[in-house]
Amino acid sequence: MADIISIARGVFENKKADILIGYTKATSEGRTRPVIVRSADEVQNLVLNSSCLNNLATYLTRKENKGKKVAIVAKGCDIKSIVQLIAESQIKRENVYIIGVKCNGVKRSFEGEDSKKIAEKCLNCNVRTPHLADETVDMSDEGLTGKDEKAELIEKLDSMSAEERFAFWEEQFEKCIKCYACRQACPLCYCERCIADKSMPRWVESSPTKRGNFAWNIVRAFHLSGRCIGCNECERVCPAGIPLSLLNRKMVMVAKSEFGYESGMSADAPTLIGTYDLKDKEEFIK
Amino acid sequence: MEEYIISLEDLKKLADNLIKEGTDLFLPSPDNSRFVRLKKADELKLAPEARPSDISAKQAAFPKCDPVLFYKRDKSTVELKDAEPSANQVLFGLKPCDAAAFGIMNKVFNWDYKDNFFNKRLENTLVIGLACTYSDDYCFCTSVGLSPVSETGSDIFLVRLSDAQFAARAVTDKGIQFVKKYSQLFAKGDSSKSKPALESIKGPARKFDSKKVKDWLDKNFETDFFNPVGDTCLGCGQCAFVCPTCHCFDIVDEDYSYSEGRRMKNWDACQFSLFTLHASGHNPRDNQAKRYRQRVNHKFKYYIDRFKEILCTGCGRCSRGCPVTIDIGSIVTKIGNLT
Chain Y
1 MADIISIARG VFENKKADIL IGYTKATSEG RTRPVIVRSA DEVQNLVLNS SCLNNLATYL
61 TRKENKGKKV AIVAKGCDIK SIVQLIAESQ IKRENVYIIG VKCNGVKRSF EGEDSKKIAE
121 KCLNCNVRTP HLADETVDMS DEGLTGKDEK AELIEKLDSM SAEERFAFWE EQFEKCIKCY
181 ACRQACPLCY CERCIADKSM PRWVESSPTK RGNFAWNIVR AFHLSGRCIG CNECERVCPA
241 GIPLSLLNRK MVMVAKSEFG YESGMSADAP TLIGTYDLKD KEEFIK
Chain R
1001 MEEYIISLED LKKLADNLIK EGTDLFLPSP DNSRFVRLKK ADELKLAPEA RPSDISAKQA
1061 AFPKCDPVLF YKRDKSTVEL KDAEPSANQV LFGLKPCDAA AFGIMNKVFN WDYKDNFFNK
1121 RLENTLVIGL ACTYSDDYCF CTSVGLSPVS ETGSDIFLVR LSDAQFAARA VTDKGIQFVK
1181 KYSQLFAKGD SSKSKPALES IKGPARKFDS KKVKDWLDKN FETDFFNPVG DTCLGCGQCA
1241 FVCPTCHCFD IVDEDYSYSE GRRMKNWDAC QFSLFTLHAS GHNPRDNQAK RYRQRVNHKF
1301 KYYIDRFKEI LCTGCGRCSR GCPVTIDIGS IVTKIGNLT
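Taken in sequence, the protein lines are chains Y and R. Heads up, the first sequence is in my numbering, so the first residue is 1 and it goes up one at a time. Heads up, the second sequence is in my numbering, so the first residue is 1001 and it goes up one at a time.
Just chain R, with the same shape it has in the complex:
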């Protein structure tokens, strides 16, 4: 793989070029709460030592709310207009646990129906990943097939060599083309530069065997294992909404007036009690324990059954941000130890 060297100054120049060309640049906000658009190139900061932003980068391909179509009506006619998803964006400094999420979601968004909204956005997105030196009690990327140095999902992958210098690997064709386009900013390098930096990254302490987790889930649908979680889970959607891989959505029509409106695709979450409420009034997941069982099964069993992927990148956001600190890492570790 082609490896290059780029200084922070040149990364800022790159950002400046991109902004001037009309590309949207996204990176974690200064308070690290979410991804925001970079307005000035000299504010570009890459922080491999920072914890994952509170809210993931999934909005780049799957926004929290997205118009699907617009409608107009009068007494006799209805006029429909498709919404055209558009994006021309570069995501800067994504952690491997964020970058890998797009490929995982890609499977469900192109399973039977091809989701034009997701695909168009992803097509027009360049992901610049960054080797991660952070880990805490809630991280577990190495237990779900990733690592702090995974290049999965990145078009270009950066490794910090010093505060002012980064190694850059062109991972995909898109990445190679991009480096070519801005070749004056990338100096030729080799893996001897990034190797020691990568080897010094230890990764999270939490380890579990996801195969064992699945084995137990395969056999234990009817279980009271999740009851203690159900006791305290508040049933909010924080975990799903900060998650880089949760992809459930709700379709609603919104009227601006009697004659005009739009159809929206909004994030939804399986922890909401209304999520499975039927029109009849019956609710198959009528308590929080059943809803949490669904969350764990979807991530560590159903998605593997259907797509051979774990629906989790081990970023730990759901647990770190949970109002009642329900820790999915420790829960699946416990499950893994049950078999």
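Isolated chain Y (complex conformation):
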């Protein structure tokens, strides 16, 4: 199978796309960073390995990339977000050339102990072979292993009383500094004007106070429920270390158990939030 550099060269030589979003080496060993290349002459520094943590689909909805034919290097989880963007009519299938990555999992973090563990999202991955791609590329397996520590925490949170749960999140959200890295890294946070930035009227207090932080983080979890595909970029990039996946994964679990819905799997299936079915369960509405 061809490597990422020759595939990228082929994309430009065969005029499959105007730009290509991929990964390149970052300053320090063991890190990668996103890069946009515009011609076959620029592809030589592209890399693909288990340090390719970013979900590049977040660039697809950017103003400057709209209307262009964009080639994108995407792991299965990233492809889920592309599928969701198509399902939500944010991008057109024919405008994106997907270089799907056959992936055995990425690192939990670039550095430290976590760089030896597999990312938690990879443990129950159902898209190691891309489910939507124009061509595929193999990513070598580095045999990463690890435990899903968050699954236990989600169960623990479920078993708590509302007061205990509130106290848990109070402590977590207190750390939020409102840098909005979560929103900016999220491929599905594509609103041109985020509700957090609206000031007439102001829906979400901009202050990183207890109240303002609760408002922001809960609103974001609601806006992603039934939509989040679980790439976990928000949690990875959070400088305050807030375990946002606990919220998002719970929402994913509810979408599945209550509606049998899994986001990011089919671009043709109706979206959960965008449809109403008479058979929808109602007993959870109290």
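Some hints could be false.
Where chain R lies over chain Y, by a calculated footprint (3+ residues, C-beta under 8 Å) [to be verified]:
#1 14 to 28
#2 171 to 179
#3 239 to 246
No farther apart than 25 Å at their CA atoms in a straight line, the calculated lysine-lysine pairs in the BS3-like style are these [to be verified]:
#4 R/Lys1039 x Y/Lys68
#5 Y/Lys175 x R/Lys1039
#6 Y/Lys286 x Y/Lys256
#7 Y/Lys286 x Y/Lys156
Honestly, the hints are just simulated from the structure, not real lab data. As the structure is a computational prediction, the values presented were derived from the model and not from experiment. Note that beta-carbon positions come from the ideal geometry of N, C-alpha and C, so glycine has one too.
Put chain R on the given structure of chain Y with help from the hints.
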């Protein structure tokens, strides 16, 4: 300069005294993500080998959100009450790249308007610095006029001699008074103790000439140099918010109800697209490349033009924590090589 010796045990005793006196002690959290209040003195740890905490110590003088005033109103009157900033705090084990930041921010907070909030807090803060033995690809303190052993900004400066023993230098008058107050914990020492420890600290590998960086920035405002950064920068505020010297803020009024509320001063960041959005709808920095150009210029040109200081201590936090690993050190190194 007066140099003393203090054991870790005595530093813990010192912390215990301070906590009992009602002083707030701040130091990096166990996971090194941010500065937190020390609750128990025996949990005091000083780690010169640790990387700089993910979020800097600037909150001590410039909190992420700060009430400016409180208001009450009814149909005919408005009642205002000033917020009174208060602090009585000791910052423990600040790295030189954190300690130096307060003096840099001090210039802008006392330039035309004297910022009472910043000044009051800083006045009531004692900084205990710590010589740093950490460095990685993102550190560059020695290229911005500092070093892992700079005492700038510290009132007392510690150097680790062994796991259980530190040399302590009283750097400022405030520091000298402090050592006097707790003199039973500080034994007399001399620089022969700390010298070998300090000399063994190498510092970061990255080196660039900040004068050359400024020379290029002086002449190249209109440039496409920042376009590749603009391509991938996500426009979040992580870099500014973890930075020890970034000091932009936003003023907002928050209503608790129709009749009551407060005015807040909150961190803001030049990488947000809304930062320069005018009421007319025009945005002079209408893309991410222009916003990143602003970040670099503010740090390595404008601040020097106005205050003769680089608005950066080389801690590397912005790059280490950047969601897309945009590395300001390698960017300014490249700029320095363009002239």
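Results for each hint:
no. : hint                 : result
1   : 14 to 28             : holds (count 3)
2   : 171 to 179           : holds (count 4)
3   : 239 to 246           : holds (count 3)
4   : R/Lys1039 x Y/Lys68  : violated (55 Å)
5   : Y/Lys175 x R/Lys1039 : holds (17 Å)
6   : Y/Lys286 x Y/Lys256  : holds (20 Å)
7   : Y/Lys286 x Y/Lys156  : holds (23 Å)
The structure shown violates just one earlier hint, number 4.
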